[in-house]
Structures are given as C-alpha cells and as structure tokens.
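Number of protein chains: 2
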Amino acid sequence: MVMTPTTPGQALPNNQSLSPYGPARATITGNPLTPEEVKLMDAYWRACCYLIVGMIYLKDNPLLREPLHIDQIKKRLLGHWGSSPGQSFIWTHLNRVIKKYDLDMIYLSGPGHGAPGVIAPVYLDGSYSEVYPEKSEDARGLKAFFKQFSFPGGIGSHCTPETPGSIHEGGELGYSVSHAYGTVFDNPNLISVVVVGDGESETGPLATSWHSNKFLNPITDGAVLPILHLNGYKINNPTILSRISHADLAALFQGYGYEPLFVEGSDPETMHQALAATLDYAIEKIKTYQAEARSTGVAKLYRYPMIIFRTPKGWTGPAEIDGKKFEGFWRSHQVPMADVVKNPAHLQLLEDWMKSYKPEELFDENGTLIPELKALAPKGEKRMGSNPHTNGGRICKDLRMPDFREYGIPVEKPGTFEAPNTQPLGVFLRDVMARNMTNFRVFGPDENTSNKLNDIYAVSKKTWLAEYLPEDADGGELATNGRVMEMLSEHTLEGWLEAYLLTGRHGFFATYESFVHVIDSMFNQHAKWIQKAAELPWRAPVPSLNLLITSTVWRQDHNGFTHQDPGFLDIVTNKDPEVVRIYMPPDVNSLLSCADHCLQSKNYVNVIVCDKQMHLQYMDMDAAIVHCTKGIGIWDWASNDQGYEPDVVLVGCGDIPTQEALAANVMLREAFPDLKIRFLNVVDLLKLQPDTEHPHGLSDRDFDSLFTLDKPIIFNFHGYPWLIHKLAYRRHNHVNLHVRGYKEKGNINTPLELAIENEVDRFSIAIDVINRVPKLTVAGAHAKEKFRNQQIAAANYAFEHGIDPPEIVNWRWPL
Amino acid sequence: MVMTPTTPGQALPNNQSLSPYGPARATITGNPLTPEEVKLMDAYWRACCYLIVGMIYLKDNPLLREPLHIDQIKKRLLGHWGSSPGQSFIWTHLNRVIKKYDLDMIYLSGPGHGAPGVIAPVYLDGSYSEVYPEKSEDARGLKAFFKQFSFPGGIGSHCTPETPGSIHEGGELGYSVSHAYGTVFDNPNLISVVVVGDGESETGPLATSWHSNKFLNPITDGAVLPILHLNGYKINNPTILSRISHADLAALFQGYGYEPLFVEGSDPETMHQALAATLDYAIEKIKTYQAEARSTGVAKLYRYPMIIFRTPKGWTGPAEIDGKKFEGFWRSHQVPMADVVKNPAHLQLLEDWMKSYKPEELFDENGTLIPELKALAPKGEKRMGSNPHTNGGRICKDLRMPDFREYGIPVEKPGTFEAPNTQPLGVFLRDVMARNMTNFRVFGPDENTSNKLNDIYAVSKKTWLAEYLPEDADGGELATNGRVMEMLSEHTLEGWLEAYLLTGRHGFFATYESFVHVIDSMFNQHAKWIQKAAELPWRAPVPSLNLLITSTVWRQDHNGFTHQDPGFLDIVTNKDPEVVRIYMPPDVNSLLSCADHCLQSKNYVNVIVCDKQMHLQYMDMDAAIVHCTKGIGIWDWASNDQGYEPDVVLVGCGDIPTQEALAANVMLREAFPDLKIRFLNVVDLLKLQPDTEHPHGLSDRDFDSLFTLDKPIIFNFHGYPWLIHKLAYRRHNHVNLHVRGYKEKGNINTPLELAIENEVDRFSIAIDVINRVPKLTVAGAHAKEKFRNQQIAAANYAFEHGIDPPEIVNWRWPL
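Taken in order, these protein sequences are the chains called E and D. Position 474 of the first sequence, counted from 1, bears residue number 474 in full-length UniProt numbering, the numbering being contiguous throughout. Position 145 of the second sequence, counted from 1, bears residue number 145 in full-length UniProt numbering, the numbering being contiguous throughout.
It is worth saying that the hints were derived from the structure and are not from the lab. Computed from a predicted structure; not experimentally measured. Mixed in with the good hints there might be a few duds.
[As the list claims (entries may be wrong)] Covered stretches of chain E, going by a simulated chain D footprint (3 or more residues, C-beta under 8 Å):
| no. | segment |
| --- | --- |
| 1 | 189 to 203 |
| 2 | 233 to 240 |
[What the hints assert, rightly or not] Under the rule of at most 16 Å between Cα atoms (straight-line distance), these lysine to aspartate or glutamate pairs were calculated in the EDC-like manner:
| no. | chain 1 | residue 1 | chain 2 | residue 2 |
| --- | --- | --- | --- | --- |
| 3 | D | K39 | D | E372 |
| 4 | D | K745 | E | E693 |
| 5 | E | K39 | E | E372 |
| 6 | D | K59 | E | E800 |
| 7 | D | K743 | E | E693 |
| 8 | E | K745 | D | E807 |
| 9 | D | K743 | E | E800 |
| 10 | E | K745 | D | E535 |
| 11 | D | K75 | E | E800 |
| 12 | E | K75 | D | E535 |
| 13 | E | K324 | D | D474 |
| 14 | D | K324 | E | D474 |
| 15 | E | K743 | D | E578 |
| 16 | E | K743 | D | E800 |
| 17 | E | K358 | E | E66 |
| 18 | D | K324 | E | E471 |
| 19 | D | K743 | E | E372 |
| 20 | D | K676 | D | D641 |
| 21 | E | K355 | E | E66 |
| 22 | E | K325 | D | E800 |
| 23 | D | K745 | E | E578 |
[Unchecked claim] On the chain D side, residues computed to face chain E include the following (Cβ under 7 Å):
| no. | residue |
| --- | --- |
| 24 | L78 |
| 25 | G171 |
| 26 | G199 |
| 27 | T208 |
| 28 | L488 |
| 29 | V518 |
| 30 | D565 |
| 31 | H696 |
| 32 | F799 |
All residues carry an ideal CB built from backbone N, CA and C; glycine is no exception.
Using the sequences and the hints, build the whole thing.
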C-alpha cells in the first residue's frame, strides 16, 4: 500500500469534476484490502442498504421470501434514504479499522435524518437486539425492527436516544462537530468519528466548530476524525460545499487546520479500497501524533486528518424513477416512492431494488446475518453501537466535592454590606476542579474573568493549542493542558459541554444573560434528549447541564439595550418539568448552596441566575442552606407581620429586585409604622408552579400560607414580569398578584434609572404598595407624593452626574 | 504604484511572525500616496483618535486648552478603546477611495463595541452635527458630543440606531457579514465595507456568513468588501484567527472564495501607504469584475478581494500602564485607566496621551476641524455617515401589490373541504415578486418547496452563483439572477433580510417552526433596533420583517420530538408591543389577508403561524377579511348561542386546534342539544392582551362581551398553553379560562396521537367542556365515557395501522 500525502486537492485525477460518479479518486491511494475482504465488506454494506430500505417501507415479509404485496407496506411512508447508504458504507469501514487497530471508537451522525444508515449496522452487529430483545436477530425480530421505524409508537428517523450508540440525535442540524469534540476531551484513547452533512455544514454553529481543534490536547484528549459527507444535496438544493472547486474546498479545511483527504466516486470496489486506504492513513496519522506528543510530553496543535467523502446522494438507489433523475440528486432525500401501494410499477421497482442487494446471500434461513459477515463487526463494547461512552451515565464517576460551606462569607446582619456574588463561586469551582482533574470542565465565552470566576485559573488555565506569544505569560492564563474552555462561540461551548456530559463527565457553563438566547435552540434540543433518555431504562442518568447566567439585565445599564434580555427563562419554563430547574440566589452563600446542589444532580438542566457585580449579602451559610432547600421563604428579619395577618406581601426574586423591594419595605415601615409587611424571597423559581405541574411546585396549601388568600402581593422579579403569571396563574390569590420586572425599557442608564424605567425601583414598589393596600388609599397620599419626589430627585441626580446618588448606591438595611 | 497579486500569505516578508508591530507588510505593495497626503490623512486619523479618547473620558475641557482636572472626567468611565483606532484608520482611508473613485459606500462595524472609532469620523465629516445640531462642530458642541457618549441619557458604546450611518449595532456579535451582504442585494452601485472583528469571527453565524458570496450577482447586486480586523484579542483572550499561520489564514479565506490581501503593521506612515495601495487594488478589482459581468451579461462567482488588517489592539494607546503591557494586548479592550480621578499619575498619562495627537494642530480656535482636514472627507450623501442607504426608510419605495383577494379560494360552506394553506400564498408571493423585481426578496432555508411556496419560482428562481451542473436544469430552479434566497443557515438568511429591510427594501421569510429558535437572539436584536430607531425623528420607518412560521408542531408528528417547539411566540411576546405582531390564520383566505397586511406594514416584526399541510377551509375571502381585520371573533356558523348567554365559550387559535375544537363542538351539540356553545376564533393573538398593554389589545369591555364574565372558556391553542395566560391574566373571566396546547409531549406519532398526548384533540376538548359546564356535571357522565372510549378506539387504530382512522382524517363540519 502506497500512502501519498499530497498537497490537498491537487492529487485528484479529475481535478475539475464535481461529479460523485465513477471509479474512486482519492488523495491517498492504495489497495489495502484483499479481494475477499472487498467482497465481504461489500456484502456487509449491502446488508445495511437492504435494512435501510426495509425500515422505510416494510411492516412484513422482511426477507422478501414471498412476493411483495401492498399489505406488507406501511400505510404512511417516512424516513430518509439520501445519506443513509453512504453512512452505512463508512460504518462498515470503521468496523474494520476498529478491529485492525483495536480502537475505542464512537460514531456521530451529523445528518441525523440518515438514521437508517446508522440503525442498520447497529442491528447487524447485535447491539440493537441486546437492548431491545424483541428486535431479535431473526426474521421475526427483523419484521418488528422494520415496522417500528418511523412508525407511531416506534422510533424516529433521527439517531434519537432510543438508538444504541448514539449521543447525537441530529434532529436539529449544526452541532455534530462540537459534540464530537466534547466526547473526546479527557478521553485520551477515544476516537470519535463524526460524519458531517454538507447541508449541515452551511449552518453557523457547524461552520465555526471546525476550529475546535485549537482546544484539543493530544496527550490528555482523544481525537476526532471528521468525515464530510459530500452528498451533494439538501432537501431541494445543492449544497454549497459540493459546488465549489476542489482547490477551494481543500483550502478551506487547510485553513481550519486539518489535512483534508478526498475520497470520491461511486464504484463500490474501488471505493472500498480508497476509503480503507484513507482510513488506515488517517488512523495512523492520529496515532503518530498522539504517540509523539505522549512520548515527548509536548502538546501542540497537530494538523489532524479529515476526510471529504463525495458519493451520490441515495447511493445504490434507483437511477431514475418515472424518467426523473433520482440517485445522485435531491429527489433521493427522503422516501423514494411514496405511492408504492397505489402504483404497481413502483411496487415492482421497490422489490427489484431490495432484491438487488441479494438478501438471500446475506441472511440465513432464520433471517440471521451469516457468520462470515457477522465476523466483520467488532465484539462486545468495541462495537460502536455498544460503546460505553455513548451511555455515559454508566461510566460516570461522581464528582469529588469540597465542602461548599467553607467558601461562604460571614453575614452577621442581613443587608448591611456588599460582596461580588460570583467571586467566591470561582474559588469553589477552583477546588471542584482541583479534585476532578479528569472529568470536570468549566466553559464560558471569553467572559470568565469578566464574570469574576477567574480564581479557577489558579488550578487550571484556559485551554489553548494555537500559537502562544511571549506576552501571554503576562496574565494570559493560557495552557495546552488547561481545562477552562473559552471560545467566543456559545454554540461551540454548549455543544462541547452537552457531549462531555452525555459521555459521563461534569461541567459548568457561565455566560452573559442576554446572549444565552444564542443557544435557545440547543438548550431545547438537549432538554428533549434528556427527557427521552430518562424514559429508557437502559440509559443511565447523566450529570446535569449547569448554566450560570450572569452579567444580568439590571447591571447592563451601561452596555445598553442590546445587552438587556432576561427572557431565557421563558424558554426554559416551556420544557418538561422533569428536566428543568431555575435558581435565583440573591447573594454569595445562596449561590454556593445552589451551585453545590446543581453540580451533584443528574438529568437536569439547571439554570442559575446571579449577577457578577457587588450586591448586598443577606444570609449566612446556615440560613442560605435552609432557604435554598426550601426554595422560597419568609425573611423574618425583613417582615413585621409576626403574629398578624400581613397587609401586604412583598416578594423579591433575584438580586437587584430583592434589594429594591427591601428598600421599599424600609420606606414603607418608616412612613406607616402600623403597616404589616411580609417579605418573601424566591430562590427556586419553579416553586411558584403548582405541585401538580412541577416536582418542585408548592402545594396550594403551602402557597396560600405564604402568599395569603386575599392580601395584595407585590412581586419584584428579575425577568419579564408576565413569566410569574405564567407560573402562578392557577393560584388562589392570583388576582392580587402584581408583578414588576423588566419591560423592555432600557438605554444607556444608571442602574437606578434602568430600575425606574421598568418600575422595579424602591420608589415605584413603595408607591405600588400604597396603591394596593386599602387602608393606605387615603392615608398614603402624602407618602406617595414624597416617594415620587424622591424618585424624581434621584433620577435627576443620575442624569446630571452620570452615576446614582450616594444614598442609593450606599443604601443598607437599617433595621 | 506596483500591484502585486500574489499567492495569498506567501508574499509577506515575515511569514512567521504574528506580531502586529513594525513597518507595514502587505500583499499589495506600492506607495500611492504623496507625502502630503500621508501627512494629512495621518492628521485626520489623529483627530479621530483624539475624539475617541475624549468620548471615553471627558465631560468638559474638550480641547485640553486648560490643564486636565478631575472635575472634567466623567464619574463613570465606559466605552471601548480596543478596536476604535483601527476602525478610524480604515474609515479615514475609505473617505479617500470614495472621493477618488466617486463611490457609493457604507460602513458596517462588526466589533460594535468599537463605536467610538465610527462616531469620531462621523462627527468630523459633519454628519453628526447635521442630525444633532447641539453637537455642533465647535468647542461647545464637542463638549456635548464627548459627554453624551456612554453617559446616562446619551448614546451607547455600540453603533446604535442613534449613530448616523449605522444599520448594524454590533451589540451582539456575529451578524456583520450577513448584514453587509443584505445591504448590497439589488443595490448594484453600492459597496459595503464591513469591518469584521476577529472575536466576532469565532461565532457560528459569522463563520458561515462568509459563504454569502455564492449568492451575490455581480450585475444586479453591489459588492461587499470585508476587512477582517486582526486586533488580536477579545476581552481576555487572544483570538483564534490571530493565532494561526499566515498560510492557514490565507487558505481559509481562499476556501471561503475570496482573494485575501494582508495589511499588517503598526508604523503609521507605511501603514497608510499599504492600506491605500490595498484599497485601490480591491476597489479596482471589484470594478473590473462588475464591469466584465455587466458588459458581457454573464453573472458568475467572482473571487472578490477581502483584507486582513492586522494592527495592535488599542493602537496608539499607552504602551504600558503601571508596568503592564497595554497597547497590543487584551488589556486595551475597554477603558484603559478606570482610576484617573483617584490616580494623579494616570490623569497625567491620560493628558499626555491625548496631547500626543496634537489637537492644537487639528482644531481651530473655535474647536472646528481645520479646513485642510475637513476637505479629506467626501461631501453630502457620499459621506458614510450620511449615506441614504443607512436610513433606508427615506429611500424606500412601497411595494406594488396585486389584489390578494384574487388569490383566495371559494368557500361555500365552512369546514367542508381541505386545501394546502400555504400554496396559494406562494402564488400571491409570485405576483408580488413579479411586480417588485428590484426591491423584494423571499428567504427560506432550503424549505420553500417543502413549505409549498414553490410557485414563486415561476417568476424568480433561487439565487445560485456556485457551480451549476447539467442535472440542475431538471427542476433545480437555480439561477444567477434568482431572487429567492435559500441557504441552510437561518442566521445568514435573517441577517441578509434584516439589512435588506433596513436599507429600505421588502422581504418575506418562511421557516420551520421548531428551528426558528435558531434566530431567537437575532429577532430580539432586530426588534430592539426597530424600537429605538422609531424613537428617532430623523430615521424613517422601514418595511416590517415578515416571518412565516410553518411546518408547525401539530404536523411534526412524523419528524418527532426534536421538530416540536411552538415557543418562538413566547420570545416574541417579550418584546415591545409597538414592534411585534402575531397572526394565527387557520385557512387559505385568512393567511392571504394577513400576509397582504404584513407586507405593506412598517416598523414591525410580523409573525404569521400557519401550517403547510392540507387543512379545513372556513372563510370565503370576504369573511376572512372581516375576521382578520377584527382579529378575533365569534364564528356564528359554529355557535348556537344566538339570543342566549352561552353555557361555554370554545376558542380555536391556530389551524389544528381550531379544527379539533370544532369537532368537539359537534360532538357536544349532538350529545347535548340544549347546550349553548359560543365558538370563537383568534387570528390576531395580541388581541388577548389588554389595550393598555398592546395597541391591538381588546378593551376589557370588548373582551368581556366575547368571553363572557363568568362562563367557562375552553381555549384550544396552537402553542404552549401558558402563553395564553401570560397574555390574558388580567381579564375578568380569567379564572374560568382553561387553555390546552402543546405540553412537550411527543414522539413518532400520528397527528391524532400527538393531539391526544397534549389534550388538544376533539375528545379531550369535549370532555373538558363536560367537566367545566355545571349543568353537565351529572348529565354528561355517559357522554364523557363515550368520548373517552372513542378516543381510546381512535388511538388504538392509529397505533395498529400507523395512520389515523378515516373518520378522523376525513372529518368535515356536518351542520
């Protein structure tokens, strides 16, 4: 075998043609396979293709041992043929290299709609039947296997959680490469092959995720082998990458830092040789780089290989259907012929097509794959459908946790001094990191220092494999073996983290509140994955996705309107209550308590909202633990209704809204000494939902005892105010619930101005109370006027000086 | 002048160094400027730099004619120095080429936080003072100009709508390149220069948007000149692109299809010559390509130039502060010295720094830029701060609309036949397109055919400048002069469309419901831009962003759980009521009426939710117009409460929920002939909000007259049910409002199974009514049991056959 690494894109015999047809053209040439190997591998691939078509069409007669009849066809035909045969071709070849090199390898399917191309080989190697015994390796099991695909009550046409060996569904496109990298961090012996769709490649998240290689340590991490599947077409259009020149395509991947290796063609025999030669080359390159780095101890940015695999879309399908080009065109994207039940010619074409794979040569009389073919797959956990990394909960080690109580700060009297809420969390995370240096990472888009989490760097710096300059030594905190992942792409970070968790490790992601919307859709998909995975008894729970939302709206007065959006919570509360949790700790100790709880949980998405700036401190550690455990509670020190029914319930939820509600509390009690105020703070937001809706929800009885049945509630909230109504609309006292929050009013402001514009400031809250408490309607007129004047004076001061008045900035709880 | 186009990345004298320092190294060499020109341009740049520093620090003493005193420093220092000087350097040079080549040119600032680098030259050329006369071109105006920057009540530190010449704020990163392309579509004489931050370049949306060149027609579109500003650092980290080799960087942009031109260094004199030579080369290349295409009539994909501009971050700032490297490092990202008020040494450093620009040579005794420098800028609308394209409403031409009524379908009896809701819209859009072939485009991610809008292609095909293969003629619908924009990147499409609208043109975007979350954050930012721009009297209203959400949740039973998410509306309803509109037309004619209205509106984001499949038709065109104009109303034909107070109010909102509620209606009336049902349909979702909250909101009186004060309301909704409570929680009869909608329950289902799982199906609704109407509590027991049995039978049928029972599929309104 001759290995010929060449200038990318220039070694191809036919440099100009973008056709996927013909004998193989490849960067790496050679014939590593014996004729017998080619024959067997091709048969294995045919078996896959046969299963793919069977899944899409058949509910009976799985081996076509009787003439195909319309009663054996599913009533509603669903599924995607297009990329499936190419994916099975790749899978067949990966089986070979796993055995040849004794690899620990998993497979991620970027074009998730090509799931049949994955499910077929997972069935053939026995992994499927082990998980789902009723889909046994015989005719009876095959029938059930076919029928369930894209069938109500069955499995979907993506690599859903139900698919053994999958950690990447691919229902939404764009995340396959970042997921692949996430799997190999801290898994030095793992090679993750990611088949990237050329349609998917047009998405933004995918386009930037190629740069993940700059964050891969060749000593402590494994490797990713991307295979760009140039299938040529999307649903109805050609793909961009399939329609640019070889030179540009090669340059693009060189630019991304890879060594691109082309394998192009449609002729099976030469394609088998070409892909085998290319995979051998790629695996040996990866092993050479890893060996060098691991023997020298020098971690550098290697130019890893990637494969550009151009084959016809719908490869081996009918060339034409009704005189229209089918194979190698966008028409082969989905179900080739939707009308086989009504069109006898199409039914015949289907039967001929399936029989072209010669099932009688592939399966024995029981409908079991013949032993010579079965032998091609690896055994046990080496099978990609059974690799333990793809069921990460099974191999997950619990985090070794320091005692979070030791990171708290003393609080002798509530509300009397300020501290930066996130800074001690950074110290805590530092020590979590120190105890878990192979299975815990922290993620953030260039903002961990800005978010005051920088103490982490004392234990582990930021991963950086790209060029290092002398000045980086001056506070750059970069290291090739860093474990803090910082890239200015929330998409890539989220993708890395999701896969890191799904393969059984732990993580923490901190990001700016307004820009967490960038990953709304990724959050949705991950929450859906967890929900479904949790329903499968064979999938073990995985560590939760922990998201710290900081640099929040109320301290984005200076960055302006674009940086003000607390609406991520609205997205989160749409997801399954079994999966989502939201915490709004107002101070250092409550944040630590929440973070400790979240880090040790499984199968959730935990969202913690806490600003990074200086804030008043309310609870000592014991009080914080009690309060966070309850999730919601009366702050006695801020209430004067002990022994009475209160006149009003004041609620703070979030740091700034709590502070402003407390200040209003003081103003009111000074003005109206007889006014009975109950002060509540909410940490666990979903306590507000009924217990019938969310596992954390309060019973109506508990809710009523806190919020009363008939007293006005002034609820000062961190986010959009109507979210509270969405959660609490069923509560008995809902009619008296008045929520203040961010109402999309902002600009370049001082913090107080921003609060005033959105009516969450102390003056507005105090006036609100006067308006809502019947006994103050008349008696409160004077105070209202006074508060209004104070508000105007404060706003005028801010406008003139560009900062808030000292009595606002320095306000402390005085009672 | 010698122009030397070279193999990218190989012509640099110092191929290895990634340092931004030293004399200019450039791909294009030459000295096109006279020494006098260099001197003047450098002085202009110094004036910009002076203004930048002044904006960040000063509220008084703007010309430093007296010693700098701490009272003249702003109390709170905000703003970003890092990329500002480099951006002003580029702007100064663009002024030169605008004059030299008489260009129509605008500027987009990717690193939006470098706004001072834009605002400074906009002030210097007089554009700023024309819009804001109080910021006049003299010492008094300069003082006001300085003070307002990042100051409460003033302007932000991004290129906000308040910035003349800006259509791209850059508050959220990633959209500069797609915005730039959006401006030049159908603007053949426009060149949009987009300065791309190297931090921003790490985002996904930016990384894929470079491929926009494959959609640019050299005859009918203008050109984009991207300038990648290799500033080297983000907030705290180096950028990836500044830390890969020249060869890789050049390859990356060659791969993206550009001709990369390096300009690197820090020495002002040689940098002036290098950038001038490079810009001359780039402009001439663009003009050459355009001239060739326009003279031959052959539109092809040209390899347009792009510039890689590597300069020190914080260029010309202090080299060190307190012994720490400052210029050329991440420390220069934001405010260089935050403590000048407290630190006399820093105050002195600031004064020395500002004086290093020699303001006394730049401004006359009045504080006005001296005439020799003023003469460097273009005049009138050629100034980038005054270019009419950046205030697109001013030059916007109204759409020439066909009569939408002619595209409707006859509906003689409601609910008796089905039609594909979106198909006639495609015909309508075809004719809108035909009448507006230079200022209207349709956008969609590879899904317009799937979404049944493909009639458009009869008038205008899909834009495609990449390779064209013979088979594309067979239904590919591709054309170099296509006006339908299809790329598998919702980010890029949304970016193109936003900029197309902001420059005064019209558009329509259709996308899958679940994946519209991909652009949640872009929607947020655009809505914020419109809201702020509408407050500025000098900005004219721009056409609305029209978003058709289709392939909706209730018909994603087959694609499965990942494709089910109707939560975009939750995001939309968080934005300013003056900006957002939501329409839920249930049939063909109502969809046409809504679309016609939306296309002619200004300054909104209109979201239309309507599925693409076959649905029952309810309204003839006259009825549809009346109903859509009211936005909500009683369907008399489906109600039997005429002359009575109803026993129950049934509401349908959205296609499938309306159908199911109607079917329940029939079941109930058959079971209980005396039951009085009022049937409402909601098209304009925001009618549910109070009129005090949203301009479309119903008054309480109108709401009460429709929904009654005390009767049970069963509201069958398209989206997440709690959204309705969020909108209607203040209504009098809210306590009787029971909403059904998507509750995150889905898998591979039939449509009916999916409806049943989420309780929006006819059986669940009918049972709901029985449970809620007091007089049916006892009388309804039998019917309830019957409905439950019918539901079970239908579900069993679906499970067995994989399709819904015929009596469900073929259900028609029978009364």
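Handout entry: Satisfaction of the D:G171 interface hint, Cβ to chain E closer than 7 Å
Key = holds (3 Å)
Problem - 16 Å Cα cutoff - pair D:K75, E:E800 - result: At roughly 10 Å apart (the allowed maximum being 16 Å), E:E800 and D:K75 satisfy the hint.
Handout entry: 16 Å Cα cutoff - pair D:K743, E:E693
Key = With a Cα-Cα distance of about 11 Å, the restraint between D:K743 and E:E693 holds, given a limit of 16 Å.
Exercise for the section: Would you check the hint for E:K745 and D:E535, treating anything up to 16 Å between C-alpha atoms as holding? Expected result: OK: E:K745 and D:E535 at ~12 Å, within 16 Å.
Exercise for the section: Go through the hint on D:T208 and say holds or violated, using the shortest Cβ distance to chain E against 7 Å. Expected result: Since the shortest Cβ distance to chain E is 4 Å, the answer is holds.
Exercise for the section: Decide if the proposed pair is consistent with the structure: E:K355 and E:E66, CA atoms, cutoff 16 Å inclusive. Expected result: holds (12 Å)
Practice task
Starting from D:K324, check that the Cα of E:D474 is at most 16 Å away, please.
Solution key: holds (8 Å)
Practice task
Measure nothing beyond the straight line between the CA atoms of E:K743 and D:E800; if it is 16 Å or shorter, mark the hint as holding.
Solution key: Violated - the C-alpha atoms of D:E800 and E:K743 are around 50 Å apart, more than 16 Å.
Handout entry: Pair hint D:K324 and E:E471, alpha-carbon separation not exceeding 16 Å
Key = It holds: about 10 Å lies between the C-alpha atoms, which stays within 16 Å.
Problem - Cut-off 7 Å, beta-carbon criterion: hint that D:F799 touches chain E - result: Check passed: Cβ of D:F799 comes within 5 Å of chain E, closer than 7 Å.
Problem - chain E contact restraint on D:G199 - CB to CB distance below 7 Å - result: holds (5 Å)
Problem - Hint status (Cβ of D:D565 to nearest Cβ of chain E, threshold 7 Å) - result: holds (6 Å)
Hints 8, 9, 12, 16, 19, 22, 31 from the list above are not met by this structure, while the remaining hints are.
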